[in-house]
Each structure stands twice: as structure tokens, then as C-alpha cells.
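Student: As a plain string of letters, each chain reads:
Number of protein chains: 4
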Amino acid sequence: MYGKGLALACVPFYPCGDRFVPRGYREDPHTLEQKLAVIAGLGDVAGVELSYPAEFEDPVPIAKVLKGLGLKACNLEVELFGSSKWKYGALSSRDDAVRSDAIRLACRCMDAAADLGCEQISLWPGQDGFDYPMQVDYREAWERTVDAIREIAAHRQDIRIAIEYKIKEPRTHIHLATVCKVLLVTLELGASNVGVMIDAGHALMAYENVAESVVLASRYGKLFHMHLNDNYRLWDDDMIVGSVNLWETFEMFWVLEEVGYQGWYSLDIFPYREDSLRVIRANLDMVKKLINTARRVDRTRIVDLQRKSDAVGIAEYLREELLK
Amino acid sequence: MYGKGLALACVPFYPCGDRFVPRGYREDPHTLEQKLAVIAGLGDVAGVELSYPAEFEDPVPIAKVLKGLGLKACNLEVELFGSSKWKYGALSSRDDAVRSDAIRLACRCMDAAADLGCEQISLWPGQDGFDYPMQVDYREAWERTVDAIREIAAHRQDIRIAIEYKIKEPRTHIHLATVCKVLLVTLELGASNVGVMIDAGHALMAYENVAESVVLASRYGKLFHMHLNDNYRLWDDDMIVGSVNLWETFEMFWVLEEVGYQGWYSLDIFPYREDSLRVIRANLDMVKKLINTARRVDRTRIVDLQRKSDAVGIAEYLREELLK
Amino acid sequence: MYGKGLALACVPFYPCGDRFVPRGYREDPHTLEQKLAVIAGLGDVAGVELSYPAEFEDPVPIAKVLKGLGLKACNLEVELFGSSKWKYGALSSRDDAVRSDAIRLACRCMDAAADLGCEQISLWPGQDGFDYPMQVDYREAWERTVDAIREIAAHRQDIRIAIEYKIKEPRTHIHLATVCKVLLVTLELGASNVGVMIDAGHALMAYENVAESVVLASRYGKLFHMHLNDNYRLWDDDMIVGSVNLWETFEMFWVLEEVGYQGWYSLDIFPYREDSLRVIRANLDMVKKLINTARRVDRTRIVDLQRKSDAVGIAEYLREELLK
Amino acid sequence: MYGKGLALACVPFYPCGDRFVPRGYREDPHTLEQKLAVIAGLGDVAGVELSYPAEFEDPVPIAKVLKGLGLKACNLEVELFGSSKWKYGALSSRDDAVRSDAIRLACRCMDAAADLGCEQISLWPGQDGFDYPMQVDYREAWERTVDAIREIAAHRQDIRIAIEYKIKEPRTHIHLATVCKVLLVTLELGASNVGVMIDAGHALMAYENVAESVVLASRYGKLFHMHLNDNYRLWDDDMIVGSVNLWETFEMFWVLEEVGYQGWYSLDIFPYREDSLRVIRANLDMVKKLINTARRVDRTRIVDLQRKSDAVGIAEYLREELLK
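Protein chains in written order, with my numbering: chain A, 410 to 733; chain U, 410 to 733; chain W, 410 to 733; chain F, 410 to 733.
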């Protein structure tokens, strides 16, 4: 068993377009129910993340479907980034009507979560940022963001709010850019139901070491959720887990064990050109292998090497333990 | 007069979507003719770039429209990146049928160019690359790319082929990544009608100094076309010219004057959230200002400072000459 | 008058070596007193930053020299990075003796500051980080860092401690990497004498917008000191202010005026190959020009454009107001 | 046997300073002879790279030492970057006297190589570049660089000249930045004794895929030498081979086997803080393991997967074959 379990969103079944191929690299003929059935059939996956209201509005029928399939909704993502309405921001928008809609949507999403038996929603304010120098009043943007989260958090205490950070894309700069920006907000708010979602690739994009970010969030009791994927450090390539940065991915899993992470291990991949099922399979197999290895390695030896900051010793140990 | 003139593609009138907002940030209710009429109405713009066959198939009616508007087609871009068909490459595709289609399309585009009175087509093999380590046979990919360009170049000598390089996006790695990769191909081919299109932002993404790339391409007689825009160096943000990197943008224009560039100054911007007309206006005004400044500054003084590698002297001179 | 004044460290008079030219690109024949006399002679500079104990141990004679020259010590930097002793960290070191030395040195530096009439010391824990994955225990490192700063802050309340962050160099990863990592520490400590030093180039390296970082630090009442310089975003090139990123540098000064910054504007440049005096002069002239421009522009218009997130309007306004 | 053998420079025995710790992180009490003796004692290392004239001037005694130790000089690096004399460039210098000295030094180095029974020298024009926009005349710089290499190459045909590229450091921009920039020079010169040295880390810094660079250089018959190390893609961290980018490092070795590379596998690491001998050992063990794995894996299967651009299949295959 890996934390609360392995989880998945439906994104890998989407057309996965980009700005040059907006219609995407594949067809998406399946309904949400069909996608969920496929996920349930994978065997390894216990949880799903759903996008609200992009994927569903009414929680009742979905609850039934999930129950029938033996799947658990582990997170509902509030869709605050996928329409032109949010182009200048949602939570930080200077347009009061737009911002109110965003807050209301998040609150409704919390209610839907409760109805679904889901304990958590997530906010990724990806449009809340700026593109050009001097385009926004940073003070205003920060106040509005913090206040919006406060208001959402107060809507109900029984649902957690995981805030996902990212340094850029789709804006050239996003306000909630790094793990510590979100931790700062959570400390200021002091709301027990507000925490951090760490997306491994987002951490890498910000030149964070993912494991260090895990430790920091965990130290403040704020590590709510993990999104797994990989990239070349400079962009959110959303690639197969461990397919670029093997050692840091392993370190992330090792540290998650160390801090006693009890949340979900959720894949957040965007397979533009790859076959949905095969790419999910490859991810699951890598995740399981690395977590199992993290449990197998000699903790005492690693801790001892770390005490001496012994980079060579660690590198040799990892080579011997992980490589055939 | 700026080289052959200022030019524009129709992209700023597109919905300009991204992977999160695939339908784009604006409506696109206008026909190609309407867009061209708007461009003609700008006053400053003499040339247009068209995408073939995405924007038109039959050159005859377009030729008439352009003539009526007093616009010149300065470049036809072969659409080798905008459909899932090319997802594993066009010119370098291991699928012979796909690759043949790409070559045939480029040849047809040359014919369309001739019919339009346009002297040049461009190839941007943006899908010709790879995402994962070990995904492709680089030798095969290189041979196929070079051979495809050779075949296209041989189709007819009276149309130039400008090859546009880019280091990544939409693939995590694109084969024709840098100015010198394209120059290497042109030297190997030895075809007089094959040259380089420098996109200022693509140069920046590759940590090239745009002006240096201009000089290199020009030295080999291969600088065929300029695409103008700006970004934060790490991604192809396609922003307003000079809005991020003022000094290097100015240097690019100064060097284009120095090498006696006689081609088009073409805007290649992607205004996701900005008003099409206003953003074009802002670009044109900046381009004109910087070229005019480049013509105004004291060349002798700059050359003298460069002789001594005098960074401080240059920085002071630029501050005094460019800033109010 | 610019805040408390323009300030300078003696670094530009150093040999300024790198790993390939460790002896540096110039001779350094001058004593500290001679350097200070040169600085005093510049006219524009009112404050100096000194490195303790690298540049002096006994505050008494230096106090006299400064007084005689009419200079004010605006900051004392504790040298916690310049000897192999700190190679695995100072404040976070797992070696208790090394860490105690670091803390003691910082406390002694505070005393020296008091003796010099200097209100502030700075800590830049540049060796406190890691190079390889899994090399350190992040939790330990964080606790030790926070506790060390707490201990130093408690030494005396009358001296401020400005903590300078940087994402890398000389380690491949430094723990105190971003503005919000330091703000998090300051919030946790709750010590009124602990705040942030923002080095403009360090902010750029972390893909921060410097102005946004200024606003955040200021919002928490923690903006203690500004280090000015510029770079190409990917490394701490320590170049002439505004020589690469003109717009964001201007924005930084504009925002510093907006938040009512009352601290020092201190140059932190590292002119490997440039003449010390000329490079300082070029920096001072750029700083003055940009601050004066920031005071001249029409605040109301900017605020109005920001209200609409009007990137085009801002870009046009800046072009018209700043460029000749 | 790995190509011509495994090789090493003496750099790991240096103090390995940086700009903050110019005296370095360790003592360097050993003579060149002592270092060579240690290298000979390693067992696995057959070749050494020496720096001329930094490490020796007279080849006669060194030849004797090497012979006695059973070591072969596999490359002599011309020291064109380690003194302030070259601060504005060596091969491209606008100062004719400086440039002549550089050329003369390279020619003398070729003679020393011949006397040592060494077949190759290398040029790394690391100071030949620029820091600020508009600081240099790129056309001049390019002509001077190409002409200098032509002159050196003509000095004698029996010694090869391997040109090492790097995109930056110590300059913010180095002219010979990428593999294709050097290939362009070699094609223009048409001199059979001029080729490319690929430093794996330098390739990564330029966002090159090292294996692709190997294939390109090899295709033009210009792959003269390999420098092995690793980094975080953004800087020349000169870390243990494979310690960051395992998959791409493996791919590099696999491709070197594919192209039939017959040169040296030379470590180019810079262990600031690590024990010299231990870090060399860790490197050698990783290099041997990865080359042996490259020889073990099923070439037919990989080639088949590459024919289909099957990223998932390759990722799964590598996971199964390389990871325990």
C-alpha cells in the first residue's frame, strides 16, 4: 500500500493538445464513465481526481459510478484556468465579478466534494499572474489571492484545500510560484484546512529539489497531496515519472517515506503523443518500483552518509542499490 | 523603409489557445480576407506571411485579394506541425508515407508561392525531434531531414526556402535547434535557395545572442528572413518586440543595419490575452523606433568601443543615446 | 536623496577571480582605507558595506576612517562562505563546532556593527545547501538554520539581521533559495530584527520578478536591504544595473518608491574584467537615472493601466516615457 | 577495453576554488609527478590529459615519467583561459599581440605533443566571447577565431586539434557555444586535423542531448574526444558522471558504442568539496557500469522501438534493463 493509494486524473485520456495542435494529438471518444471504468480496470489505481465543473456538475450520479467501480475521489480540482474568462486571473482578478465567480465556484466544489465523500479540493491559480513587467499591482494581487483563499477556506472546515503552485505557464509568471509562497499563505491564514499540493514537475521547474519541498511542507504540517511526473527542469513537460530525473525522483519517494506521508500518490501526466493506457502503465510500474526500492534500501546507511554530507558515498550507494 | 518592409502573419487574429485553454482566449470570427484587409489598413505593413495549406489552398483568389489591398506575400509557411499526423515528425518521420506527404506539401507550397508572386517558403520542422532519451535514432533523423530539404530545394530554384530553427516546443527537443544547426545543413546541401529564418525569440531560447546569430547567418549568405518578438529567454513567449530584452533587441536591429539586411522585418507574436490590433500597433511602433535609433546612433563610436571590448563604454553610450 | 542613500561594497576593487582565473583579472594593491577613500571621492555614495572579519576585525580604527571620510557603514556582511571551513555549510552545518563558530562570528559581527554605528549585519548562507541528490537531511538543515538565526537574533535587538537568499552558487542548491523561503523563516521566528536582503540578480536567477519580491517582503515589513545588479536570469552574473533587463530594473525602482522603501540602494557588482571606477560610475548613473524616471512618470496612469492588466498600454507607456 | 581507454586530467587534485573561495576547498601539496603516480595507481586509467604550459613546459622529463608509469598522454590542453591576459579573448582577441601569443602557444603545444607521443591538443576558447550586449563585433570575432584555428591547424598535420565548445562561463556568452558551431568551423576549414571535443556537461548546458551531439559530430567524422561529467543542465557543475542525468548519460554511452567511437573516455570533473581519490573512483565505476550495460542491452529491441518513436516502450525497456 502506497500512502492512501495510487491515483489518477482523466487527463491522459484527453486529446492533449498544445497551441500548435489545439485539437490535440488523439481522439477522445469516451465519456467520463468510460474513462473511470478503464481506470478501475487498471488494478493498481484506487483514487481519481476530477475536475469541477469541467468534468461533472452533479455529484450524485458520479458518486454512484465511483462506488460501483470501487474507486475513491481523492481530490476535486476547481477549474480556475481553462476558460478565457480567467485570462487575467481568478482569485486575484481585479474584476470583482470574475473573482466572486471564482470564489463561489470553489465553494460549490467543496460542497460537491462533500457529497462525493471526497475530503479535498485543489486550487491551481494558473492564470493568476502576469506576462509583462509592470502589468499588475503585486500588492493588490497578493491581498486578493490571500483573501480569496481565506473566504473559500471558511466556507466549510471539513474539506481540505490543497493549493498547487507553479512558476509559469500559462502566464509567463504565476503569483503562487513556489512551495514557500504557498506555505507563507498557509502560515498567514492559519487555517487548518489549507495546505500545499506539490507537483513534482512544478517543483523542478522552480529549481526546487522536490524532496526538500516535501520536507518543508511536511514540517509545517501542510503536505496535502502529491502530483507525480517528470520534466527537463525548464518547462512542465509532464513526462513519465522518473524518465528524466531518476535520482531526484527516487529521493522524493524516499523522503515521502521518511516524513510518513499518508496522502495520495497521484499521477499528473500529459501524454501528448503516447498511448493513454500504455503510458499510465509505465508510470505505475515506475512509481511502484521506486517506492519499493525506497523501502528496501538501508536507511541507517543513508542517514549516516548524510550526517557527513558525503556526496560520493551516497552516489556510490545509490548506484549499487538501484542499478543492475 | 525597413529592408523589404514590415510584415505580419495572421496569427495575432487567431484565438491563440494553449493546452489549458485550447479554444483560445478570443473569438476569431473573421475570414482570411477580412484579416488581410485589416492588415492593409494598418498603413505600416507591406507584407504578409501566409500558412499553407492551413489558410488557403488556391493561390489565385488570394493573389487577387492581396493585389487589391496592395499587400505582398513575403513568405508562405508550410504547415508541417499543426496536425497529429506530424506528431513524430514530418521531414524526419520514420513513416515513409508521412514524410513523402511532407515533402510533397512543401513542393506544392513552392508552386503556390510562385503563383502568388511570393519568393519564399519557410519550413519549421517543429515536430521533428523527440521527447524522451533514446526515443529516436539521431543519425536516421538527421539524414532524413537533410535529404528531405535537398529534395524540396531541387523542386524549383526560383523559390527560396527559409528554415526556421527552435530548440524545443512542441517537442521537448527539436532537431533543428540552433542557427548553426541550420547553417550546417545549408553548407552541406550547397543549395543556393536554402537559407535560415531567424526568429528572435527562438534564438533567445537557445541562449543565442540574436545579433551574433544574424551576423553568422549573414556571413554565410544565408540570412533569408527575420521573425521579431521577445521572451524571458526560457520559453517562446512570443511577446511584444523589445518588451523584455530591450538592449539585445536594439543590438539585433543595429547589426541588421550593419550587415545590410535587405529582407523583411516580420512580426511573429502570439498575443494570447491582448487585443490584436493594439498589440500589433505597439509592436510596429517599437520596431520603427528601434530601427530609427539604430540608424541615428554614432556608428564610429560604437565600432571604436567594440575594438576595445569596452563593455562599460558601450553600456554608458547606450544609456545616453536610448534613454530619456 | 535615494532612500537612506547609495551604497557600495569594496568588491569591485577586488581581483574578482573565478575558478579558471583564481588570482583574478586585476591587481588589488590597495588597502581597505585606500578603497574607502576612493569610494568617498565618488561623491554620490554615502554608505559602505564591509565584510567581517574578512576586511576588518577591529571596528575602532575603521570607525575613525569612515567618520573622516564622511561615509556610513550601512551593512556588515558576516563572512560565512569564503573559506573551505564552511564547505558543507555554516548555519546548517552538521558539525557542531563549525556551526557554533558561525553563530559566534555573527554575534561578534553584531557587536562590531554596534561599535561602528552600523545598524545592520547580513547573513548570506551560500554554502548552506547541497550539490547532489540525497546528500543532506533537509529537515535537519532547516531546523539548524532556523535555530541558528534565532540564536543570532537574540544576541542583541538593536542590530538588524538581513538574510540574503540565492538559489545556487557556490552550491548547486542553496537552502535559503527564494524570497519566500526567507520570509517563511522570519514569520516563524517572529523576531523583529530579522528581515530580508533582496539581491536583484538573485531574484532574477530564481525566476522571481524583483518588484514582486520587493512588494512581498515589504508587505510583511521585512524588506531590510537592496542589492543592485543585473544578469541573464540563469546565473549571478553581477553585471551593471539595468544593462540586461532594463524594464524589470525600472519596475523594481518604481515599486521601491511605491512601497516607500527607506533603506539603502547598494551596488553588488562583480566586475571581473572592467575598470573598477568606471564600472561603479556607470552603475551609479544608471541607478540615479532610473530612480529619477520612476519619480517622474505618471503614477496615476500606471495604476489605471494595472487595474485593467493592460499589458499593451503599459508597454507603450514605458516606451514613450523611457526611450528617446 | 573502452575505446582507447579511460583517461583523466589532474584537475581533481587541484584546490578547485571558485570566486568565493579562490584559494580552493583543499590543499594541493603534490607535484605533477606525484599526481601522475596516483593516477597510474588507479588501475583503470590508461591516459592522462595535461595542461600546457600550466602543468609543464618541457616535454622530455614528462615523457619519461609517463613511460615509467605506463600512462599515455591522450590530450594536451592549450591554456588559453587561465590568466587575465586572455580576459577579452585569445583566438578572437582584437589585440594582435595577444592573439599571436595564443596562436604561437597552440603551435608550441602541438610540438610538445609530438615530443610526448601525444596525438592531440585541445583548444577551449573560453574567454573568447562577450559579457554585455554590443560589446564585440561578432563578425571580427568569428573571422579571427576561424583564421586562428586555420593557422594552428596548418602548423603541423600530424597532431589533431580538438575544439571544445561551451555556451558560457567564464564569459556570459562564449562564441564557440555549441557542437554545430564547431562543426561549422571544421566544415569551413576543411582541415582533416580539426575536430570536436564534446564535454557532456557543456552539451547539457546548451540544452543539447549529448547523444545527438555525438551522432552529429561522428557523422561528419569529427568526433575527436569525449569529456565526461554531469550537471543540472543550467551550469557546468562538473559532477560525477550519471549522478544527475542517468538516462541521458546511459544513452550517450550507448550511442558512442553505436557510432563505433574509438577515442578516449576522459573524466572532466571539478570536485570542489569531495575527496579527490574517492570521487575519481566513483566516476570510474559508474562509467564502466554504464558502458558495460550499453554493451549488454538488446540493440535489436532498442532499434525496433526507435523505428516507431516508441517513447513508452523505450522507457519501460530501460527501467527493466537498468534498474534492479
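Among these hints, one or two may not hold up.
Copies of one chain are not kept apart here, so a pair can be met inside one copy or by any two copies together.
Said to hold, decoys possible - Taking lysine to aspartate or glutamate pairs in the EDC-like style, the calculated list, with each CA pair at most 20 Å apart, reads:
no., residue 1, residue 2
1, LYS717, ASP504
2, LYS717, ASP684
3, LYS413, GLU466
4, LYS717, ASP505
5, LYS413, GLU464
6, LYS473, ASP684
7, LYS481, ASP504
8, LYS717, GLU560
9, LYS481, GLU549
10, LYS494, GLU730
11, LYS473, GLU725
12, LYS494, ASP505
13, LYS717, ASP510
14, LYS717, GLU667
15, LYS494, ASP504
16, LYS697, ASP645
17, LYS494, ASP684
18, LYS733, ASP707
If you are wondering where the hints come from, they were derived from the structure by calculation, not from laboratory data.
Here the structure is a predicted model, which is why all the values come from computation and not from measurement.
Student: If a hint holds in the structure, say so; if it does not, say that too.
Tutor: Hint by hint, here is what the structure shows:
Proximity of LYS717 and ASP504 under a CA criterion of 20 Å is satisfied inter-copy only: 8 Å between copies versus 54 Å inside one chain copy. With identical chains, the CA atoms of LYS717 and ASP684 are at most 20 Å apart between copies only, with a shortest distance of 13 Å across copies and 45 Å within one. Taking the shortest alpha-carbon separations for LYS413 and GLU466, neither the intra-copy value of 26 Å nor the inter-copy value of 55 Å comes in at or below 20 Å. Taking the shortest alpha-carbon separations for LYS717 and ASP505, only the inter-copy value of 12 Å comes in at or below 20 Å, while the best intra-copy value is 54 Å.
Proximity of LYS413 and GLU464 under a CA criterion of 20 Å is satisfied in neither setting, with 23 Å inside one chain copy and 51 Å between copies. In this homomeric assembly, LYS473 and ASP684 never come within 20 Å of each other (Cα to Cα): the closest approach is 28 Å inside a single copy and 45 Å across copies. Proximity of LYS481 and ASP504 under a CA criterion of 20 Å is satisfied in neither setting, with 36 Å inside one chain copy and 42 Å between copies. For the homomeric pair LYS717 and GLU560, neither the shortest alpha-carbon distance inside one copy (46 Å) nor that between copies (24 Å) is at most 20 Å.
Taking CA atoms no more than 20 Å apart as the test, LYS481 paired with GLU549 passes in neither setting, with 38 Å inside one copy and 36 Å between copies. With identical chains, the CA atoms of LYS494 and GLU730 are never at most 20 Å apart, being 51 Å at best within one copy and 32 Å at best between copies. With identical chains, the CA atoms of LYS473 and GLU725 are never at most 20 Å apart, being 51 Å at best within one copy and 35 Å at best between copies. For a Cα distance limit of 20 Å, the shortest separation of LYS494 from ASP505 inside one copy, 12 Å, qualifies, whereas the shortest one across copies, 43 Å, does not.
With identical chains, the CA atoms of LYS717 and ASP510 are at most 20 Å apart between copies only, with a shortest distance of 18 Å across copies and 53 Å within one. In this assembly of identical chains, the alpha carbons of LYS717 and GLU667 lie at most 20 Å apart only when taken from the same copy (19 Å versus 40 Å across copies). Taking the closest pair of Cα atoms, LYS494 and ASP504 come within 20 Å of each other only inside a single copy of the chain (10 Å); across copies the shortest separation is 41 Å, beyond that limit. With identical chains, the CA atoms of LYS697 and ASP645 are never at most 20 Å apart, being 23 Å at best within one copy and 33 Å at best between copies.
In the homo-oligomer, the alpha carbons of LYS494 and ASP684 lie at most 20 Å apart only across protomers (15 Å), although the nearest pairing inside one protomer, at 32 Å, exceeds that limit. In the homo-oligomer, the alpha carbons of LYS733 and ASP707 lie at most 20 Å apart both inside one protomer (17 Å) and across protomers (15 Å), since each shortest distance falls under that limit.
Violated hints for the displayed structure, listed by number in ascending order: 3, 5, 6, 7, 8, 9, 10, 11, 16.
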